[in-house]
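K.L.:
Chain by chain, the residues:
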Amino acid sequence: MAELKQPVTEKPLPEGSAEKASPASLRAEDFGIDTTARTTREAVRDYVRNLRNGELGALPALAGLLVLFVLFWILDTFLPQGSGGTFISLGNLANLLQQGAGPTIIAMGLVFVLLTGEIDLAAGTASGVTAAVMALHFVRDGNLLGSLGWPVFILFALVVVVAIVLALVVRIWVAAVFCAIALVLLLIGFPPNAWLEMLFAITVGVVLGTISGFLVAELGMPSFVATLALFIAWQGVLLQFIGEGGTLGLRDPVIFAVANGNLSTLGSWLLFVVAAGGYAFVLLNRQRSRRRLGLVAQPTGLVLAKVTAVVVLGAIATALLTVNRSPGAIEISGVPYVVPIVLALLVVGTYVLDRTKFGRHVYAVGGNREAARRAGIDVVRIRAAVFMISTAMAAIGAIVYSSKVGSVSPTAGGGNTLLFAVGAAVIGGTSLFGGRGRISNAVIGGAVLATVQNGLGLLKQPSAVVFIVTGLVLLLAAAVDVASRRRSATATR
Amino acid sequence: MTQPILALRGVNKSFGAVQVLHDVDFTVRAGEVTALVGDNGAGKSTLVKCVAGIHPVDRGEIFFDGEPVHITSPTDAAKLGIEVVYQDLALADNLDIVQNMFLGRERGNPWMLDEAEMEQAARRTLASLSVRTVTSVRMPVSALSGGQRQTVAIAKAVLWDSKVIMLDEPTAALGVAQTRQVLDLVRRLAEQGLGVVLISHNMADVFEVSDRIATLYLGRMVADVATKDVTHSQVVELITAGRSGELGLARPEAVTI
Ligand SMILES: Nc1ncnc2c1ncn2[C@@H]1O[C@H](COP(=O)(O)OP(=O)(O)O)[C@@H](O)[C@H]1O
Ligand SMILES: [Mg+2]
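Protein sequence lines correspond, in order, to chains A and B.
UniProt numbering applies: residue 1 is where the first sequence begins, and numbers increase by one.
UniProt numbering applies: residue 1 is where the second sequence begins, and numbers increase by one.
If you are wondering where the hints come from, they were derived from the structure by calculation, not from laboratory data.
Think of the CB as a built atom: it goes at the ideal place given N, C-alpha and C, for glycine as much as any other residue.
Heads up, none of these hints are tricks.
Sample of chain B residues lacking proximity to chain A, with all beta carbon distances greater than 12 angstroms (derived):
| id | residue |
| --- | --- |
| 1 | Pro4 |
| 2 | Ala7 |
| 3 | Asn12 |
| 4 | Val18 |
| 5 | Ala30 |
| 6 | Asp65 |
| 7 | Glu67 |
| 8 | Leu218 |
| 9 | Arg220 |
With a straight-line cut-off of 27 angstroms between C-alpha atoms, the simulated DSS-like cross-links for lysine-lysine are:
| id | chain 1 | residue 1 | chain 2 | residue 2 |
| --- | --- | --- | --- | --- |
| 10 | B | Lys163 | B | Lys49 |
| 11 | B | Lys163 | B | Lys228 |
| 12 | B | Lys79 | B | Lys163 |
| 13 | A | Lys404 | A | Lys460 |
| 14 | A | Lys357 | B | Lys163 |
| 15 | A | Lys357 | B | Lys49 |
| 16 | B | Lys79 | B | Lys49 |
| 17 | B | Lys79 | A | Lys357 |
Taking beta-carbon pairs under 7 angstroms as the criterion, some of the chain B residues facing chain A (in silico):
| id | residue |
| --- | --- |
| 18 | Thr75 |
| 19 | Leu103 |
| 20 | Pro110 |
| 21 | Ala116 |
| 22 | Glu119 |
| 23 | Ser136 |
The task is simple: from the sequences and hints, build the whole structure.
P.N.:
Dropping the structure here:
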């Protein structure tokens, strides 16, 4: 420390030479590189470099989905134990969508939690509880008090009241409102109504998510332990509500239609126009305005290619799904309702994460919690909110999977439901380390898992094989995640 | 002598049983560069974090523009116009440069961020710091080198219309040319009338840009002197022994940690 070195400067500078030594404006073009329109070739080269550096995103999962599709197509058609082409039949493709939707929606909610670097093990059984409350209310003519009995009913109402308080403590007013709606719906004993039942399920989801969020964010419990405890507890609540061995049938045309109904042909094409047209409009509009303002933009060719691909694939899918796919006398056609449901959740979720302050802060908390705190972000609030979102989405998933099965049993949302949802998010490219992932990852990953299960089922493989293969697929996805992280770590420093 | 923009009086801070700051007085004047020096572990970063609202002070007062203030969160500090470049940079690796620079203070409506406005403002600020080799402001911070990250962290602080900027070892990861730019920037900020605090271990840098030098020794402020009144070796003595001739602690051997 005693030896003091003069700093080596490029050229000796006299003292107080501030203005002389500011090359500021001259170097503006250093950042000009990204404003100039990149050619498609440069963009492709950058893209390849990003891939090399480990920024893989959803690409491996999409490629995997394609491979799986072709593989099952071939195996199912040509293997002796295959069904001779059922896999690729229209009926099966629609079925695939309907089966995969429930778990996929749960996975979409989980992405929010995973982005903050936490886990929500309770979302599965919590979804079961919301389904049970909905079914119980529906089956017992809105008389929850009678079906639960006084003590359980009062305890349940107390839990809801506590959740309202907890939501206020973590300052998430929307959640408090949802919990209050749950309380009102619980107490007024409205007559069975499919729409109100579904709203009830979602609000109960927020109630349960508020409890997880409070434990993790406000009390600072590790999410693994807190939600593991709740996972077990909700399983017990579910058993208490339905009773061992019980099953509650959901014989309502509206609830049944959620996962089993289809849009009319006209509705299907309207959906296509709205969805594909909206996608094209948003992408092209953004491209135009970014170009005009001289902001970082993708090459127009690439954007056009993306838009074209989505429009063409969407049109093909819509055309196929509006063909009669029933082998019997009654015609079945049209895009299943689950498609607009998942699309709407995908659009809203993506918008929230990409374009709102809240979404930005979710990523920041997952990327560097201390930096987020220093930036003045209310970290407790963000961490609590993601659990509320996750459980509310799980409730929507529960509505869909209960509708598919047509009943709710004590196993609803239990077993592997949650872990499969985590798997779906990870297979799609969401990192369990936090900070990286998108809602669309869950959709792609959910499609991969649904395809594996459906395809192996058609090949008449026993559960043993289905589980092992599913595990291997997840392992592969985790390996890709680790490898890409290692690459991006070495590529930078 | 101008009125202090920021003044700490008798600030104490402990982490558990360890007292890190002892009755610290510290003054920052507008238009001046105040160097804060001291050995590793002397408490420089802790002092900065107390002012930034990251650590609450145990005892003592903070005055801003002559008024006593209570800084209990980073937002409070930002509202007063205090910006900090942290030693550990505090950037979110998964976000890009623009997103990091505006983190917590995003422009636009909370339900519709104004990305265009943020990107343009970020580019202007970065260009004024002449960041080289970064090809895009939309690059994730994880893809930047140490020096580039440091510049982003500095740009993040400079972006705002602030009154006090505190830089905690801002040149630690920088090369020669970049260090030069940061030192020039520090001078320029002071000339624009900001109060600048520079923490650095490099005596040559400190002597080149600072107007005053404040020395922390084991959590005590042992000297706050005009740069022109001291020599390199005096400051080094203050840092390592807590005293130098007439300056510093009266009897350093009496100090216990
Ligand atoms: N968050 C903390 N918890 C406990 N001790 C801390 C914390 N931050 C700093 N310290 C301690 O405070 C002392 C001063 O640290 P710091 O302010 O970082 O020193 P400097 O920046 O001068 O090198 C060190 O002994 C350090 O271990
Ligand atoms: Mg330090």
